[in-house]
Amino acid sequence: MIKILYSFLFCGIICLIAQLILDNSKLTPGHITSILVVTGSFLDIFSIYDKIVEIVGGGAMVPITSFGHQLIHGGLTSAVSYGPFGIIMGMFDLTASGISAAIIFSFFFTLVFKPRN
Amino acid sequence: MVKKMKNKKYEEIVKKHRPDENRTTNALIAFIIGGLIGALGEILVELYIMWFHVSQAQASVFMIVTLIFLASLFTALGFFDKWVTFARCGLLIPITGFAHSMMSASLEYKTEGLVYGIGSNAFKLAGTVIVYGVVSAWTFGMIRLLIGGGAL
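Residue numbers (this note's numbering), protein chains in the order written: chain A, 4 to 120; chain B, 195 to 346.
Everything hinted at is true.
Taking lysine-lysine pairs in the BS3-like style, the calculated list, with each CA pair at most 25 Å apart, reads:
no., chain 1, residue 1, chain 2, residue 2
1, B, K276, B, K318
2, B, K318, B, K304
3, B, K304, A, K117
4, B, K276, A, K117
These are calculated hints, taken from the structure and not from any lab test.
When you get a sec, could you build the whole thing from the sequences and use the hints?
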């Protein structure tokens with residue numbers, strides 16, 4: 004149960020930081036999501052994000068920072084057995100499900116629904 | 195002199211018509227909505243573990259797919275854009291924002307055909323996340339592998 008509270012706080016604080024950057028600078032949401040993805044993968048150099056995932060649970064996988072973390076995590080897992088080339092080979096191992104799902108859903112929903120302005 | 199007056203008047207008119215944006219309220223809304231989505235994620239993970247008896251890793255994959263499905267569906271139905279203008283970063287920073295950007299880009303270019311419309315424009319907005327994610331993950335992965343000594 005405590006993990007739900009941690010998830011609320013963690014995800015909320017990341018959105019809060021992003022909203023503060025958005026309101027107080029000229030950066031667009033595209034810039035901010037890119038910055039957060041780079042931050043997520045940066046935090047994994049020292050395994051910090053792994054520890055956050057352990058404590059927070061599912062809530063740590065929801066913000067876009069986890070995308071960067073999963074990219075580097077998949078690469079490093081594959082690097083254990085294949086060396087430096089493993090990073091390229093295993094890069095999309097963990098994020099594949101999210102990207103594939105987004106492509107499939109958006110394609111079929113686009114076929115079915117009409118654009119509205 | 196006349197020009198100065200015009201500028202001043204123009205500024206006043208702009209000020210009048212600019213919507214009252216309270217930064218504190220915006221930040222609070224983003225915090226609450228984003229937090230609720232994070233909590234929903236954790237609740238879904240726990241429910242999937244309970245219902246399907248899967249591992250934590252599999253359950254979080256199911257959870258992410260569920261959130262992406264919901265975000266794409268609501269974008270296609272037209273609700274999500276209104277919610278985004280209200281909650282902003284609360285909905286754009288979670289994985290729902292990724293699905294929303296892909297869905298709205300492919301809907302927008304639907305009229306240009308299947309290949310050059312949907313096919314080539316689907317990643318128009320979401321592409322930056324993937325490009326910078328991969329570049330940074332490779333760079334930091336190499337740093338960790340070569341300087342930090344060993345993976346994981």
